[in-house]
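So the protein sequences, as listed, match chains A, B and C.
The opening residue of the first sequence carries number 1 in the numbering used here; numbering runs sequentially from there.
The opening residue of the second sequence carries number 1 in the numbering used here; numbering runs sequentially from there.
The opening residue of the third sequence carries number 1 in the numbering used here; numbering runs sequentially from there.
Fair warning: there could be bad hints in the mix.
To be verified - Listed next, the stretches of chain B that the computed footprint assigns to chain A, with coverage defined by at least 3 CB atoms under 8 Å from CB atoms of chain A: (1) 66-77; (2) 112-125; (3) 133-146; (4) 316-329.
Keep in mind the hints are simulated off the structure, nothing from the lab.
No residue lacks a Cβ here, since even glycine has one placed at the ideal position from N, Cα and C.
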Amino acid sequence: MAEFFQLLVIGLSQGCVYGLIAMGFVMIYKATEMVNFAQGDIMMLGSFVAFTIIVTWGFNFWLGLLLAMGVMAVFGFLVDAVVVRRIIGQPQFSIVILTISLGFIFRAVAGMIWGQAPLSLDTPFVGTSNFGGAVIGHDRLAIMGGTVAVVSLLFLFLRYSRWGIAMQAASQNQLAAFYVGIPVKLVYSGVWGLAAAISCVAGVLLAPITLIGPLNGFLGIKAFAAAVIGGFGSLPGALIGGLIIGIAEPFAAAYLPEVKNIIGYLIMFAVLMLRPEGLFATIYQKKV
Amino acid sequence: MRVLFKTDYNQDIKFAKHSGYVFWYGLLLAGVFLAPMALDTYWINELTRVLIYALAGLGLMVVTGFTGQVSLGHAAFMAIGAYTHAFLLTQGVPFFVSLPIAALTSGVVGLLIAIPASRMTGLYLTIASLAFAIVVEDVVIHWEGVTGGNRGMAVDPPMLFGYEIFEAWEYYYIVLVLLIMSIILVLNVLRSPLGRSMLAVRDSEISAESLGIRVAHTKVLAFLISAALTGLAGGLFAHFIQFLSPETFGILLSIQLLLMIVVGGLGTVHGAIYGAVLIGFLEATISIMKDWLPPAIGNQPGLEPGLFGVILVLFIIFEPEGVYGRWLKFRTFLENFPFYRRNTFKRQRSYLKTERMR
Amino acid sequence: MSFFEIENLSLSFGGVKAVDGVNFAMEKGEVFTIVGPNGAGKSTIFNMISSFYAPDEGHIRFKGEDITEARADAIARIGIARTFQNIELFEHSTLLQNLLIGREIHNRVPVLRQLIFDPGVRRAELEHRRKVEDVIDFLELAHYRDERIANLPYGVRKKIELGRALCVEPELLLLDEPASGLNPEETEDMGFWIDDIKNDLGISVLMIEHDMSLVNEVSDRVLALNNGCVIAEGSAQEVQNHPDVVAAYLGGAA
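Assemble the whole structure, with the sequences as input and the hints as a guide.
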């Protein structure tokens, strides 16, 4: 029983990380209808930036985290403003290829600046607690808590702020949004910045568990699978998709070790067989 | 400036649309067949590598360039072709039987993947293809009995009618002939109803359906042909690199294939060839450059993909039609000289209109 | 039993009832026009005929056969072809290729033979080409044959969409706002073509249209729709003078 609970917590915390990245991904998609295949690598960059601020320059953890989020927000904003904006209106695959390429560039640059050796970032969430025989690390609890905080703030922002509504309008009809005076380009870049900041949080929360390295971005692929399971266009779906994959992995590792690396993708395939739109999808049909 | 007089519908169906085609392509074919006489082994091998890449890229072009289904995992089909072929050889199957079987196996897997994939929107299909490649890599690692797992698998040189193919130029001709046959096959598809259906599916699924095209069926066929061609390239690649291991067919190779067809010119057969030439050239250049760069940059494992990334980004932003597109513009310039107008190929500003409907 | 009939067709999107109990029938060889303000549900009806949407209630019958449940790609085979309000041509292909794609339902050659392109395949291709050339002659599109659609002006694209639908050799042609975006001369030409399609080619036409001059010119009968419901049916004059129709277009006492 204790082992079950332990696996569950590990699964949930890992799932939260996938979910956070997937939410950043889906947020950009909902607002701009573009897919950002570099979201995992942005998370990786976020954790490196946080490392530099907190460890190399010695800032306080919480201040450092906020600064890192700010830096990544600006970075995400600039990526959209300088690069991605130029291909608005081009078919989907152009954007797919562009963002994949950006991911490669980020990885190469990160390797050049910080090197390939894994770095360690200490967070204040040390120690473990004992819940009826199950030993739960505080870092894992922090991940789950952090995710709850981020999701709540995001929900409030999108539902009740003018920017959230502006984002939706700009996503449904860009030209019309221009006409009514929405600063569409600013809104899009803002979404990219927001998604980058969220991924930065995910990266920092993950750091104690996996150590920071340039290849961490590959986590993003599982996040894409999570977004597919949840159904694109649904933020809660992305989180749930992430949790599903996250929970499946440690259980697979314990009971079906051969598939532990690919269980997430197998679940994704299964979902796509039964419900090709994903679990909570918005309906896709080109209006003619 | 050439003015083309069309007097027969066959002229639009033929491959050689006018005498210029016959002359230039004839020259190219002659050059390519006579090359081994003039080049030494190193360059023949490089050329063979380019030809194999071109075949793999051609396969990817069928499904991504012509049918519009972006596949991020095509290296998986090369892996399937390579390992199947190598395995069958160890079981004593002759080369010219094993190779088609390997290609067919890859094609069948492509078919099986395509059946659920054809029901997904393009974006899900892309992610699913990525996941597929990861799953295949995992299967290769775990199925040690057949693939040798992480330890890898050696590949014997090909034996044709009891004669062992040892020389670089001998293998070059085998690859060349197979590539030419594949190109003819793809060109045949393009000028027949199936090819038109693929283009229709790429450009507008809705109107394709309203014209009676079975969209899912077309996608499945595209995947079958694409996977078979790429699998064939995989089988040929196996002999070329002589030793197979799971990392060879990782995501970097998939991205390389995508890079090839995008930079070469998406949606054209020429694009696959140009892209392969470019990649071969690039790989050689990067190897040379590595010695010149400071170690912090040069020794990075991420350098090659990073550079590919930069090239792809530049092409997507500035020249989405690829090298072949740029060549077409240049040729139009030459043909219309001195009446060429700079804005002939000006791209329209386009706005994003959502494809979602709730 | 009519040539084509719609019986009690209804469809809601969420809370909005887009089409509400629509009934009408048309005879073979006539030009039947549906008019109505924007949002009246006209294109939605077309999309249900094309099986892009499934109706909540009601039936669609063509030559006596119920086609409500038919798959989208079977509709062309049944004998119904359509054009789209916002042109859905294949942008990166030439005019010729677009029209040849319209011949798809007449394709009999199996895929394996297409791969080797034997003389039989070639003969079939030439036959399709001949049929397509007939349509090109009919619509006077010859000089645009090898142009890519992306390079052609809007008015020409509308004709090409019509041509592509004609290549299907349908018995019933659905035209979704054929005159939208066309200037008066082009609209008049469109009127002549619809007449020719009806008289020379013997194809029945069901169309949606806003341009009243075109409606008066070509229609045999007209149906007026508002808020998803039928408000009038009859000849073009009768419908235009109907008080409910006037109120719907110009506003009036509810």
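Hint check:
{"no.": "1", "hint": "66-77", "in the structure": "holds (count 3)"}
{"no.": "2", "hint": "112-125", "in the structure": "holds (count 7)"}
{"no.": "3", "hint": "133-146", "in the structure": "holds (count 4)"}
{"no.": "4", "hint": "316-329", "in the structure": "holds (count 3)"}
Comparing the model with each earlier hint shows no violations; every hint is respected.
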